[in-house]
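Residue numbers (full-length UniProt numbering), protein chains in the order written: chain C, 1 to 528; chain F, 1 to 330; chain D, 1 to 262.
Careful, some of the hints might be misleading.
Claimed, not checked - Chain D stretches covered by chain F per the calculated footprint, using a threshold of three residues with CB under 8 Å from any CB of chain F:
1. 149-160
2. 163-169
3. 176-188
4. 202-211
5. 222-234
Since the hints were made in silico from the structure, they are not lab data. Because the structure is a prediction, the values reported are computed rather than measured. We put the CB at the ideal spot given by N, CA and C, even for glycine.
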Amino acid sequence: MTSRQKTAASVANYVDERTGAAAWMKKNLTKVFPDHWSFMLGEVALYSFIILLLSGTFLSLWFDPSQREVLYQGDYQPLSGIKMSAAYASTLHISFDIRGGLLMRQIHHWAALLFMAAIVAHLLRVFFTGAFRKPREFNWIIGVGLLTLGIVEGFLGYSLPDDLLSGTGIRIAEAIIQALPVVGSYLSFFAFGGAFPGEAFIPRIFTVHVLLLPGIFLALITVHLMLVWYQKHTQYPGPGRTEKNVVGYPLMPIYMAKAGGFFFIVFGITAFLSAVASINPIWLYGPYTPGQISAGSQPDWYMGWLDGLVRMAPPIETHAFGHTISWNILIPGLIVPGILFTGMALYPFIESWLTGDKREHHLLDRPRNAPNRTALGAMSLTFILVTLLNGGNDIVATHFSLTINQIMWFSRFGILILPPIAFVITKRLCLSLQRADRDVVLHGVESGTLLRLPTGEFVEVHTPLTAEQSWTLTQHEQRPALELPEEDNHGVARGKVLRNKLRSRMSRAAVEEVTKPNSDDMKEIEGH
Amino acid sequence: MSHEVANLSDPGLPAHVHRAADSDPKAEKKAERQVATLFGLSAVGTILFIVSYIYIPLDLFIFVPILGSTNAHQLSLGLGLAISLLCIGLGAVHWAKTLMPDNEVIAQRHEFRSPESERKEFVAAAKEGANAAGLGRRSLIKRSLGLSLGLVGLSPLLLLRDLGPLPGKELEKTSWKTGTRLVTDPGNRPIKPSDLEVGAVAQVLPQLNPDEERTLNNIGKDAVLLIRLRVEDFQLSPERLAWTHEGIIAFSKICSHMGCAVALYEQQTKHLLCPCHQSTFDVPRAAKVIFGPAARPLPQLAITVDTEGYLVAQKPFTEPVGPSFWERSS
Amino acid sequence: MKSLSRYRKHRYASPLLLVFALFMIGTTFSVASASTKESVNFARSAAIDEGKQIFLKGCSSCHGLNAEGGKIAPSLIGVGAASVDFQVGTGRMPMADMTVQAMRKKPAYTAEEVAALAVYVASLAPGPAIPGDEILTYERDGNTAQGGELFRTNCAMCHNFAGQGGALSQGKFAPTLMGVEPKEIYEALITGPQSMPVFSDKIITPAEKLSIIKWIKAAEVEPSLGGAALGRVGPVTEGLLIWTLGLGLLIGIAVWLATKAR
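Let's have the full structure, built from the sequences with the hints guiding it.
Structure follows, in C-alpha cells:
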C-alpha cells in the first residue's frame, strides 16, 4: 500500500466505525443512472438553485433590506441626491461600488430565470414521457410545489431592490391581496404593516426570501432527490430496457464526473450570460414611488402568464350589499391559476383513474404513444403561450407593428379557441406518427436506391429496420379501453352511472391508436 | 385481454462498441491532452478573473461588437469566471466520456410494495400501539386532545395579529380636503388655471403644511392627474361638469384596477391608458372605461380656484381611490 | 462652450437663428409686440410670403387654405413656430399616408423652407416659438438627477424608463427619444405633438425642461454596465434570452454529455 492509500483507508475506517457508512456507500457508489439529455433538465434546476444560494449569500452581505428613506450620495450621477429606500440604495452600492457585485447580481438574477425555465422544461419532459406515473406521483406533487414556490420566491427576489419596476409589481400583488373577499384589506394591512407601500414590506419579504422559502426549498428538494434515488431513475424504452431493470452508467466514477462536471457547466453558462447580457438594470428604472410608472412594465417571465391573464380579464366587478368583489382580479389572479395548479398536481391520479392503470411504470412513454396526454400537454402549453404573449403585448405591439388592442382581443378569444385546436392537431399528429412508425417497422426505410425490376418497372429499395430499432418502435403496450358497467342500472348507483359513462368515454378516447405491428405481421413480411 | 398478440421480441442490450480511446493509445493520449487542456484553460480563466478584479478599474468602458459600449471590469470578471467554471465542467465530462469505462450496467429494480408478511406485521404493530394508548376506548382523552391541538394552532396565528393595524377607513381616505391646493409633482408649486394650455397635463399632489413630510403612502393615494381640454369637449353630467374648472379636469392617478399610475394621456384621442394592464379611460366622459380589465372609472377630484386664483380641491374624493376591496360600497 | 459650437455648426443653425431673431422681434409673445411692430422689416414679410406659398402647395389640402383646419387635420392657428419646426422639421408632416400616427422620416422640405413655413404659421396667431441655442443651455443649466425624477413622473409612462419608447392604444406608440435633438425634445414638450400632451412652462419650468433634456442625453450615451442592454425594455427580452440562449446552450451541452464518445 502506498502512503496515500493508507491515509484513505484509515479515514474510511474512522468514518465507518462511527457510522457504518461503508455498506451503504458500497451499494450506492455503483448506483446506475441512465443517460439522456432530457434527464439533465432537472439537474439544471438543481444546480441553478445552488448557484442562487451562493450568489444570494454574497448579495446579502451588502444588501440592506430596509425601506427607510435615504438620499443617494453615491457615484451614479443620474440618481445623485434622489430620495430612495435604503434597499434600493444598497442595491446601487452593490452594482457600482462592490467589485464583482454587479456580476453577482446578474448571476443571481439569470440563475433565477434559468431555475424557473429549467423547472418548467423538466416538468414538460416528465409530463410528456409519463414519468409521473406510479410510483412517482409524490415526486410529481413535490415538483408542482417547487414550481409554485419558485414563482413566489422569484417574485419576492425581484421585489427586493425596491426599484420602480418591482415596486409596481408589489403594487399589483397588493391589489390582488386586497381583492380577496372579506379578509382582503385586513391581509393587506397585515402584510404591509398598514397602508401600501409602508416601510415594513421589504424587510419582511427579505426574511421570507432568504430564510423561510429557501429552507422549504432545501427540504423539498432533498425529498425530491431522495425519492429519485430510492425509486431509481426512469429510462427511455429500447433494446434491453425493461420495467424491471435500469440500464446506464454507475455513479462512481462516470455519473459523478458527468453530473459534477455539469454543475460547473451550468454555473459557467450562467456566469457567461451575466458577463455579456445585462439583466434588471435597476439604476435605469429609478427608485419606487407610487406616482411614477414606466411604459412596458412587465414581471419576470415566470409571472408573465399571470400578468397576461390579468390583462385580458373582462372588466367585471360586483357591487352588492355594500361590498365589492373584483372578478377582474380574482378570476385571472387566483381562480384560474388555482385551477391550473390543482389540475396539474392531481393529473397523475386523474390519468390513472381514466386508464384504470394502477401498475408501476419505469419505462417512459414516447409522447406519440400517449396521444391524449400529449395533446393535453400541448393544449396547456398553448394556453400558457397565449397568456405569455398577452403579458408582453405592449412590447410585441411596438416591435411587430401591431396594436395592443388587437393582441388583447386575439388573446381573449385565443385563450378559449386555440387550446382545443392544439389538442386536436396534436392528437392527430401523434396518430400519424404512430402510423409512420408502423409503416417503417413493416416496410423499412427508403434507402434512396432505385431497383429496376425485370418488368422494367422501377422500385425503391427499402432497408428493413434492425431488430433494435423495430423493438424500440413497438415495445409499448396497447391496452384496451376500460370496461365499465355503464348501461347496467341495477346495483350501480345513479351518480356512478354518469361517472362511469364519463370515465369510459375518456378511457376510450385515451386508447385511440394505430395498432402497432406484432410478431404475426413481421412473420408475414418475412414471407415476401 | 381481448386481443392477445405477441410483441416483437426484445433483442436485448446491443453489443458494446469500443471507443477509439479504448483500443488506440494515440486516441487515448489525445483525449487525455484535451481534458488537461480544458482544465488548464480553467486555470487561465481564474487568472483572468484575479487580474480583472485587481487591475481593471470599475469605470473603464470598452466597445465590444454586439454588446455595445460595456464595462470592461464587469465583462472580463464575468468571462474569467465563466471560463474557469465552464472548462472544469467540460473537462470533467469529456474525461468521463472518453476515458472512463463506458460499459452500460444493468441494475434490477425491485417492487416497492413490502412483502405481505411485513405489511401484516406493521398493521398489527400499529394496532397494538394504538390499543396500548387506548385511543379507541378513551374518547374523552381523544376529544380533549383534539380540542387542545386545534386550539394550540391559534397561538402562532394570533401572534401575527400585530403585523399591522386594522384597515378601518384608511383605504377610503386621502389627504385631499376642501380647499387643499394642487401642487406640481415634483416641484410643489401651486398651479393657476392659466398655467395649463388646452392639451396640457400636470402631475399633481396635495399641498402639505410646512411641518408635514410627504410619504410614499400619501403619494400612493393622493396622486392626481390634471388635464385641460376645451370645455366643449366634455360629455359630463352637470354635477361632474361642476367639478371641473375652465376645462381642467382632475382624476386620481391610481388605477381603479390594480393601482398602477395611470398617467399615459393621449392628447388627440383624449384617452388615458394604464401601462400595466392597458385599461383605457375616456377623459371627456369622466374617465369611463372603454378598454381593458378595469371595471370602474378613475375617481374624479372636484376642483375650483381659491381667492388667490390657485387651483384647489372643492372637496375630498367622494369615493375611495385605487383598487377595489371588499368593504368598498360602490 | 463645446456644446454651443456644435449647435452653431448644425445645418439648421443659420436659418434657425434668422427665424429666431425675427421671432423675438415680432410674433411670439405679445408682451413686446407693441414696441416692435414698427420694426417689422422686409425680410420678415418676405419669409411669410414664401411660407404661405409652401403652405398652399403642401399643407392646405388638409389644413385648409387659411390653416383653419379641415375634417382630417387640425387648425394650425396659434400652434406656433415650434410646432411647425417640430412636425415638418422631423419629417412627420406632411404625412406619408393616413395611418394612425405621423412617423418621423426624412424631411420633405429644406431647413429654409421649414423656417419660412414656421414664420408663416406663427404670423397667423401667437404660439410657442422655436427655442434657440440661448434657451437650450441644458448642459450648463440642467440637472441630470432632477431631470430623471421629472422624466419618470412625466415621460416614462409613455417613453419607457430609458426613453426607448412604448405602446399607446390602437397601434399608436410613443417614439424612442434616443437620438432626438434637444431642440426637438423641447419643442415637443411645449407644443404637445400628436398624442403627446403639452407640458406648460408653469408646470414644468424651462429650467426643468432642460434637466429632462440633460437626463435624456445622458441616457443616450450611458454605456451598458452589465453587458448587452437587450433593448432596455425590461424583463421580456430577458425571459426570451434565458429560454433561447441560456437553456439552448445547456441543452446543447446536455446532448453532447449524453452521447457516447466514439
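How the hints compare with the structure:
no.	hint	result
1	149-160	holds (count 6)
2	163-169	holds (count 3)
3	176-188	violated (count 0)
4	202-211	holds (count 5)
5	222-234	holds (count 7)
The earlier numbered hint that this structure contradicts is number 3, and it is the only one.
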